[in-house]
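> Construct all of the structure, not just a fragment, from the sequences and the given hints.
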Amino acid sequence: MPAKELSPIEVYKMLPGTNCKECGETNCMAFAAKLVNREATLQECPPLLEPKFTEAYNRLWVLLKPAVRAVQVGVGDKAVTLGGEYVLYRHEFTYFNLPAVAVDLSDEMPDEEFEARIKVASEFEYEYIGMKLTLDMVAIRSASNDPARFEVAVRKAAELTEMPLLICSLDPTVMEQALTAVGDRRPLMYAATKDNWREMADLALMYNCPLVASAPFDLNMLKSIAKTLTEYGVEDIVLDPGTQWDDGLSKTLDNFTVLRWNAINEEEEYLGYPLLGAPIAAWTEKAEDPVINEWNEAMLASALITRFSDILVVHSVSGWSLLPLVFLRQNLYTDPRKPVAVEAGVNAFGDPDEVSPVLLTTNFALTYYTVASDIESAKIDCYLVVVDTEGLSVESAVAGRHLTADSIAGALAENKVGDLVKHRHLVIPGRAARLSGEIQELSGWNVSVGPLDSSGIAKFLEEKWKPE
Amino acid sequence: MTEKKKENLPISLDLLKTLAKFQQIELEDVEISFDELELRLSPGMVMAPPGAMPPPAVVKREKPTALLEADVGIPIGEYPGSIVKVRLGATKAEGGTRSRGITIGGETAPAFYNFQAPPPHKPVIAFDVFDWAKVPLCKAVKMHFREVLDDPAEWAKLCVEKFDAEMINVHLLTIDPLIEDAPPKAAVKILEDVLQAVDVPLAIGGCGDPQKDLDVFSAIAEATAGERLLFGSVTLDMNIEATAKIIKDNGHAVIAFTSMDVNKARELNRKLYDFLPKEDIVMDTTTAALGYGLDYAFTVMERSRLAALKGDPELNHPISSGSTNAWAAREAWMKMGPEWAPRELRGPIWETVTAQTLLLAGVDYFMMMHPASVQAVRTVINNLMSGKSPSEATGWVSLRL
Ligand code: B12
Ligand code: SF4
Numbered sequence: 001m002p003a004k005e006l007s008p009i010e011v012y013k014m015l016p017g018t019n020c021k022e023c024g025e026t027n028c029m030a031f032a033a034k035l036v037n038r039e040a041t042l043q044e045c046p047p048l049l050e051p052k053f054t055e056a057y058n059r060l061w062v063l064l065k066p067a068v069r070a071v072q073v074g075v076g077d078k079a080v081t082l083g084g085e086y087v088l089y090r091h092e093f094t095y096f097n098l099p100a101v102a103v104d105l106s107d108e109m110p111d112e113e114f115e116a117r118i119k120v121a122s123e124f125e126y127e128y129i130g131m132k133l134t135l136d137m138v139a140i141r142s143a144s145n146d147p148a149r150f151e152v153a154v155r156k157a158a159e160l161t162e163m164p165l166l167i168c169s170l171d172p173t174v175m176e177q178a179l180t181a182v183g184d185r186r187p188l189m190y191a192a193t194k195d196n197w198r199e200m201a202d203l204a205l206m207y208n209c210p211l212v213a214s215a216p217f218d219l220n221m222l223k224s225i226a227k228t229l230t231e232y233g234v235e236d237i238v239l240d241p242g243t244q245w246d247d248g249l250s251k252t253l254d255n256f257t258v259l260r261w262n263a264i265n266e267e268e269e270y271l272g273y274p275l276l277g278a279p280i281a282a283w284t285e286k287a288e289d290p291v292i293n294e295w296n297e298a299m300l301a302s303a304l305i306t307r308f309s310d311i312l313v314v315h316s317v318s319g320w321s322l323l324p325l326v327f328l329r330q331n332l333y334t335d336p337r338k339p340v341a342v343e344a345g346v347n348a349f350g351d352p353d354e355v356s357p358v359l360l361t362t363n364f365a366l367t368y369y370t371v372a373s374d375i376e377s378a379k380i381d382c383y384l385v386v387v388d389t390e391g392l393s394v395e396s397a398v399a400g401r402h403l404t405a406d407s408i409a410g411a412l413a414e415n416k417v418g419d420l421v422k423h424r425h426l427v428i429p430g431r432a433a434r435l436s437g438e439i440q441e442l443s444g445w446n447v448s449v450g451p452l453d454s455s456g457i458a459k460f461l462e463e464k465w466k467p468e
Numbered sequence: 469m470t471e472k473k474k475e476n477l478p479i480s481l482d483l484l485k486t487l488a489k490f491q492q493i494e495l496e497d498v499e500i501s502f503d504e505l506e507l508r509l510s511p512g513m514v515m516a517p518p519g520a521m522p523p524p525a526v527v528k529r530e531k532p533t534a535l536l537e538a539d540v541g542i543p544i545g546e547y548p549g550s551i552v553k554v555r556l557g558a559t560k561a562e563g564g565t566r567s568r569g570i571t572i573g574g575e576t577a578p579a580f581y582n583f584q585a586p587p588p589h590k591p592v593i594a595f596d597v598f599d600w601a602k603v604p605l606c607k608a609v610k611m612h613f614r615e616v617l618d619d620p621a622e623w624a625k626l627c628v629e630k631f632d633a634e635m636i637n638v639h640l641l642t643i644d645p646l647i648e649d650a651p652p653k654a655a656v657k658i659l660e661d662v663l664q665a666v667d668v669p670l671a672i673g674g675c676g677d678p679q680k681d682l683d684v685f686s687a688i689a690e691a692t693a694g695e696r697l698l699f700g701s702v703t704l705d706m707n708i709e710a711t712a713k714i715i716k717d718n719g720h721a722v723i724a725f726t727s728m729d730v731n732k733a734r735e736l737n738r739k740l741y742d743f744l745p746k747e748d749i750v751m752d753t754t755t756a757a758l759g760y761g762l763d764y765a766f767t768v769m770e771r772s773r774l775a776a777l778k779g780d781p782e783l784n785h786p787i788s789s790g791s792t793n794a795w796a797a798r799e800a801w802m803k804m805g806p807e808w809a810p811r812e813l814r815g816p817i818w819e820t821v822t823a824q825t826l827l828l829a830g831v832d833y834f835m836m837m838h839p840a841s842v843q844a845v846r847t848v849i850n851n852l853m854s855g856k857s858p859s860e861a862t863g864w865v866s867l868r869l
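Residue numbers (our numbering), protein chains in the order written: chain A, 1 to 468; chain B, 469 to 869.
Among the clues, some could well be false.
[To be verified] Covered stretches of chain B (chain A as the covering partner; in silico rule of three or more C-beta atoms under 8 Å from a C-beta of chain A): (1) 571-583; (2) 749-763; (3) 814-820.
If you're looking for bench data, these hints aren't it; they were derived computationally from the structure. All residues carry an ideal CB built from backbone N, CA and C; glycine is no exception.
What follows is the structure, given as structure tokens:
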């Protein structure tokens, strides 16, 4: 059932109905609402796990399961979940599992390059509104098609990183040898094709590993393979409909859309699997300058993020080309049902004392972390009052009357900011300038209007902060 | 409501394993009103990862020995609505002086659902040109326009001659009361110069001051009657009737601008319908940069486009995006560690990804700034419009890179 149509009552009817509160909610209906919002899982209701509720459990499981199967790749902390999605468009509910980015390696790469790439993949990190944007996997391709060589490569990758592996060879013998080395890491196997599906399926079952079904630009064949694998007993499948840049872009996006549509709107069992996109295809024609390939790959990857891809294989390891991808997926996979907000209150930065500046901002995560990082990098000792604007940025909050002289005076009083410092000087964001007079009147604090952008805070304080 | 099952159901092995303890529970009936239910629907902060639930045991099946047949249906969505077509720029024959006009809109399916219906007209990209040499531009952009910054006509010409601009969007910053408060007459002169300098369709951007924009738009609209310029923008806080009239009386088109709110967009369009034919209206629901609200921008556009195609008569306009806003993101212009260098690439890819994402939400008219970004997005548009099939390519598994 499409996620958006499921009502809490339907779910409630199947819960034990005792209101025992073991799930942490006040009653079963509250828990039902959480289940419907996918904010809780069935296991959190212990009574439901009793044998007498098995049928209810199983029915609920079917009702609540995502239209796109959640496939786990890797083991331990770094394991990633691919898919697990419920809707075609994010505004219909939300997207859940970020498309994983797998960095390309090949068994023909010189050691140095091989190691350097793994280092980039595992150390990539960018601070964004309190989150760390990172990469997720490494993909090792057998360009050599030599089983021994491939084994060495995957073994080495497994030693160097705990990230999940995507191991790529269309030759079952090569694949098998790699699995003997890293099969216990639950790598994603690439790929079962119309020619090798049976051997690959046997390997997937033997090693209990997820398997990609691949049939570039032949959707019927792709479904045929997926159906066959499913019936064969392989549960964790990922679909590769083929990726191409240039002339193939239109068909590529069409195919991803058609597959996801069928999975969600038609509830097609054999298509309800995560989708693999291969932006690395932008490298098939080598440009004079590899920068062009990197650029095209970034565009292709972002198009695929927008169009339902659940895992991406990329070759470029340049920060400038990877950064927009990790931003884009983070943006599109935030929950549109609520703005990303931080806790309101007052935070101390550095080592502030009673003459330190008091600054003010909103609790929109993007705003807060931008300001916080500017304060931190300038090593300013100060207090930052964070007003609850229901997660709105400064300008939106001023325009929408969530940041007002009232709410600011309230925040100052509530957090007893007056007890922290002996002066009464408040620095507000430049974009809230129009509130300054009123704040002064309501709160009794003197207001200085800070710069428009928080990057100017340090300079501003240096020049203007003289509370005495 | 609670049905008591006395008999023991066969529970799957998986489940048994997760059973920490068995408890005997007294079942009681509960009554919960529907009001309470609504209250509870507001989502909390913790999100359980979907799929974390152990599935019921799988029924063993007969293993197939050969590939099972299957075919994939090509979904045809039901879209009773369609986007109106808006004509930009008028040729001599049409009463203007442009060498060609451009049509945007006309879609009958979501953006580039080519399997259903490709867009009948190409989305168009206009280069931004400013009339104020001091406009804050970051280095990566400025370096391409350095010699023409103080002459909008030359600037426009450079965009057309060097970068093949299909359209030019002249932003009149000097009219801003907070900048130079230049009089309408001066703005008219600028427009006339640009019209002389290039023969592509033009769009005009105001300064955001509702009264000043109206004054300036009126003067320009009259002086350029028949050119079918695209005026940006009319907003809810402007005198909508007066703005609409000068557009209509002089044969131009207008961008209806609202800030990220489908209902506000509807409201403004509805107000405009009293004075303007639909074919004169492009709508802009605000563009925020990648990392700085692109999710909102994307979703508002996607939602309004889908609603329009589903038949909402107040949203079926081509969509405009100021993708130049991508440069507001620090990551687009800021000097960062060497691992993120060079910013000469990071900036334009930021603008490109911002624009391309919105292209896939349904944007028909882009304002953009960096020549490389324009070129890149244009290439994508051409590829998506080409209707070509994928070439026979070697798989990427064996690539030697
Ligand atoms: C995304 C967005 C939204 C999102 C909300 C996102 C969010 N969670 O806040 C949505 C769609 C919900 C939204 C809603 C509205 N929005 Co809005 N929105 C934007 C947009 C595109 C980006 C805002 C943003 O995220 N900025 C990034 C953050 C980091 O900026 P910031 O909070 O201002 O922080 C910076 C500075 O203020 C400063 N700073 C912050 N704190 C401090 C502290 C100190 C001491 C100092 C010195 C500096 C400082 O440094 C920060 C970094 O630069 C802007 C347009 C734009 N491109 O800026 C419009 C904009 C802010 N919105 C606007 C409006 C009018 C609204 C609405 C009222 C419209 C409506 N539809 O009703 C509503 C209000 C909300 C409500 N429900 O009441 C207008 C405001 C116009 C005005 N000046 O009055 C803008 C400018 C768009 C426009 N041109 O019309 N909006
Ligand atoms: S634990 Fe289960 S039975 Fe108990 S209140 Fe929660 S949902 Fe109801």
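> Tell me the numbers of any earlier hints that the structure contravenes, in ascending order.
Per hint list: zero violations.
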